[in-house]
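Chains as they are written, first to last, in the working numbering: chain A, 3 to 384; chain B, 197 to 558.
Bear in mind the hints are in silico, worked out from the structure with no lab data behind them.
Keep in mind that the hints are not guaranteed to be accurate.
[Unchecked claim] Lysine to any residue pairs mimicking SDA-like chemistry, simulated, CA-CA at most 25 Å apart: (1) B:Lys312 to A:Val346; (2) A:Lys198 to B:Val504; (3) A:Lys198 to B:Ser516; (4) A:Lys205 to B:Thr507; (5) B:Lys377 to A:Gln294; (6) B:Lys377 to A:Trp364; (7) B:Lys363 to B:Thr507; (8) A:Lys344 to B:Arg365; (9) A:Lys37 to B:Thr331; (10) B:Lys363 to A:Glu191; (11) A:Lys37 to B:Gly329; (12) A:Lys198 to B:Gly527; (13) A:Lys188 to B:Asp412; (14) A:Lys188 to B:Val504.
[To be verified] Partial selection, computed: residues in chain B whose CB lies under 10 Å from chain A: (15) Gly254; (16) Arg367; (17) Arg369; (18) Arg374; (19) Asp389; (20) Met396; (21) His484; (22) Val503; (23) Arg510; (24) Thr511; (25) Asn525; (26) Pro533.
C-beta: ideal position from N, C-alpha, C; glycine also.
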Amino acid sequence: MIEIAKWNSNRLGKDGQEILGKVALKGITKRFGDKTAVNKLDLQVADGEFMCLLGPSGAGKTTTFRMIAGVERPDEGEIYIDDVLVNQLPPKDRDIAMMFQSYALYPHKTVYENIAYPLKKRGLSDSDIKNRVNQVAETLGISSLLDRLPKQLSGGEKQRVAMGRAIIRQPKALLLDEPLTNLDAKLREQMRGEFKRLRRELKTTIILATPDQLEAISMGDRVAVMDFGNLLQFDSPDVLYNHPTNLFIAGFVGSPAMNLVECTLVDTNGRVLLDAGDFTYDVSRFKDQIKQQATSSELTLGIRPEHISMSRSRADGECYEAEIYVVEPARPDIVVEIRVGKRVLTALAPETFRANMGDKVWITFDQEKIHIFDKKTENAIV
Amino acid sequence: MAVVRLENLTKRFGNVVAVNNLSLEIKDGEFVSFLGPSGCGKTTTLRMIAGVERPTEGKICIDDVVVNDLPSKDRDIAMVFQFYVMYPAMKVFDQIAFPLKMRGASKDEIKKSVRKVATILGIDHLLNLPVGGLTMGERQRIELARAMVRRPKVYLLDEPLTNLDAKLRARMRGELKRLIKTLGTTTIYVTHDQLEAISMADRIGVMKLGSLQQYDTPENMYDHPKNLFVAGFIGTPAIDFVDCSLVEKDGRAFLDAGEFVYEVTEFRENIVKDSTSPELILGIRPEHISVNKQCAAENSIEAQVNVVEPTGNRTIVRMSIGKHPLVANTGVLAISPDEKVWVSFDRAKIHIFDKKTERTII
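Full structure from sequences and hints, please.
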């Protein structure tokens, strides 16, 4: 674990003014031919916020980044950095640093030279440069690597050097484009924690793009979920996970994924049920919400794996008979796929759970944790 | 029947011992995973079983027949490697059907087998398309289908899910496990991903620098690792290790970790019997650490929260006890960085290792 030295307790610029890093996008649209890469994007990132831009490939994350950095012009909309309209400002005047997936380190320069480069370009004195580079290197735990060449570094080390080069100018905002994608699972897990620690020391506004939902929800203060150029929801990880506003987010955030079951709304003897074919679920208590917001009787029921309980004996209330389809004794939570009729649902079980393929169990859903989506609009109703 | 037995299997490349005196038996129909970091010898072992690499010493037996001198094609095995070649213009259906066609199976039989495997692997919608335009993930599944459609004695899989993205990988693990268990064929699966190994295999062989560290069920590997390496390799976030010394006082025994002291009186006898010195390492898995805002139990230790990572249904809490880092994996927890908390360890789940030999004592 790296020791973090105090980098900069107050982010003050040359004139003693505090460096703010608010980023606001208003109605940003970008088209490439007849493809709309980013569609009317409205986003406000607070000063010092660690914001994650989450979405699958093609969602528009990188295009959005490029527009904030100034290497791509929006077709419509405004970009403000600290309340200053920057659409016409070239990248070098925006004070935004961007870090790419491939690090793009200069292969023939040492780590020291790589990190010093942006300051050298600005014409700072050698002694000023030395001070700053040493400070940054210490913060990032790479002081011992200053004389090395990029090819002598591990993936994690290269990443830190790239970060050093990005933060040395104390930019208003740091844009990180999928920084952890090329790392193996163990290193990724370690780096997530380090990133978060680092960020508290840096106090810079950070916007990190990733297709990995775990990265986004574990690191971000808030997460903006994008798909096909549209912003779907912008909320804290907690709210995204527990109150996704649409089907896509519900299925995308959380692993193992939320179980999504298509059903039909049925009214029987005053009770309102969701008929999934293989089973029915009573939703009378949500009757009013459903009647108000559903556009048809085609609905999707959502329940997260950890909210399905399994037992060898039948419980009270709504309980369904299921067959163990496959058990994956992952830890700390065991993943169990169960078959109810023709459907296969995923549940999580504690480490003491033991069962074999084909065993019969009874399952119940946590009543407080049900989600209901409108099948056509895909919006959340409950 | 397909029992695979490795006896004193060794492979040297010049001075490098890639596989060192490996002996183990894989039962008929068993799904075994060879697990370890790169360079541990798992792929070399697989290649020797496949017949593409000759052992330097030792024997490989399939059903009591020593196959060392049998070429690959005569061993009745099917291999799926990470990188493979496909004729880009060939349709997916034909790609999968190829081995059956070679064998002279009937059109009907081919159609049935191919459809069945393709459906399970989620590629039945691609059967009429040429292989050329497909994604890595799709190609990987086609390759798996091609191996599965034959019914060899043994499947040899070398990291077959590597090129799939995280979500698809998670989904495929369950499907693949079910497919293999339903087919009932003896399977050897090489991976560096411990989660994959413990989720899928009946038994796992963990290797390090050519040597077998432990060969056991996922539950035993996880709950009863034989040494420090296995304990640290399996499980994510990784097990917490704390260097400590055994200290005895007033008839009670403690592990002195510098920043804190942990009572281990009930384990004292075993520790003294099996350790080579009082230098020990305490091991506790992140999910066996409870984090409380107040001092709850007697053995509670004060810690400072550094980073909080919500992961959906759980929370990873990175803390320090003085200078000692400690990672906990709790349920959903409302907690902030810089908070002071009290942690306690699940006594039934602690591990104690001999620092010098690195073997497990408790």
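Each hint tested on the structure:
1. Annotation: proposed proximity of B:Lys312 to A:Val346 holds, straight-line Cα distance about 18 Å (limit 25 Å).
2. Taken as a hint, the A:Lys198 and B:Val504 pair is honoured in the structure, with Cα atoms around 8 Å apart against an allowance of 25 Å.
3. Straight-line distance between C-alpha atoms of A:Lys198 and B:Ser516 comes to about 15 Å, which keeps the hinted pair within the 25 Å bound.
4. Restraint check: the Cα-Cα separation between A:Lys205 and B:Thr507 comes to about 23 Å, which is no more than 25 Å; the hinted pair holds.
5. Restraint check for B:Lys377 and A:Gln294: the C-alpha separation of about 48 Å exceeds 25 Å, so the hint is violated.
6. The suggested pairing of B:Lys377 with A:Trp364 holds, with an alpha-carbon distance near 23 Å, which does not exceed 25 Å.
7. Straight-line distance between C-alpha atoms of B:Lys363 and B:Thr507 comes to about 15 Å, which keeps the hinted pair within the 25 Å bound.
8. For a cut-off of 25 Å, the pair hint linking A:Lys344 to B:Arg365 stands: about 23 Å separates their Cα positions.
9. At roughly 22 Å between alpha-carbon atoms, A:Lys37 and B:Thr331 fall within 25 Å of each other, so this suggested pair holds.
10. Note on B:Lys363 and A:Glu191: the hinted pairing holds, with a Cα-Cα distance of about 16 Å set against a maximum of 25 Å.
11. Between the alpha carbons of A:Lys37 and B:Gly329 the distance comes to roughly 21 Å, so the proposed pair stays at or under 25 Å and holds.
12. With a C-alpha separation of about 20 Å, the suggested pair A:Lys198 and B:Gly527 falls inside the 25 Å cut-off, and the hint holds.
13. With a C-alpha separation of about 22 Å, the suggested pair A:Lys188 and B:Asp412 falls inside the 25 Å cut-off, and the hint holds.
14. A threshold of 25 Å between alpha carbons decides the hint, and for A:Lys188 with B:Val504 the separation of about 18 Å falls inside it, so the pair holds.
15. A least Cβ separation of about 31 Å between B:Gly254 and chain A goes past the 10 Å threshold, and the interface hint is therefore violated.
16. At its closest, the beta carbon of B:Arg367 sits 8 Å from a beta carbon of chain A; the interface hint therefore holds under the 10 Å criterion.
17. Of the supplied interface hints, the one on B:Arg369 holds, with its beta-carbon coming within about 6 Å of a beta-carbon of chain A, less than 10 Å.
18. Evaluation of the B:Arg374 hint against chain A yields a held restraint, the C-beta minimum of about 4 Å falling below 10 Å.
19. The restraint placing B:Asp389 at the interface with chain A holds, with a minimum CB-CB distance near 6 Å, inside the 10 Å limit.
20. Checking B:Met396 against chain A: minimum C-beta separation of about 7 Å stays under 10 Å; hint holds.
21. Interface restraint check for B:His484: the shortest CB-CB distance to chain A comes to about 9 Å, inside 10 Å, so the restraint holds.
22. Hint on B:Val503 holds. Least Cβ distance to chain A is approximately 5 Å, under the 10 Å limit.
23. About 7 Å separates the beta-carbon of B:Arg510 from the nearest beta-carbon of chain A, less than 10 Å, and the hint is met.
24. Here the hint on B:Thr511 is kept, as its CB sits about 9 Å from the closest CB of chain A, short of 10 Å.
25. With 10 Å as the threshold, the beta carbon of B:Asn525 comes within range of chain A, its nearest partner Cβ sitting at about 6 Å, so the hint holds.
26. Nearest Cβ of chain A to the Cβ of B:Pro533: about 7 Å, under the 10 Å cut. The hint holds.
Violated hints, listed in ascending order, are 5 and 15; each of the other numbered hints is respected by the structure.
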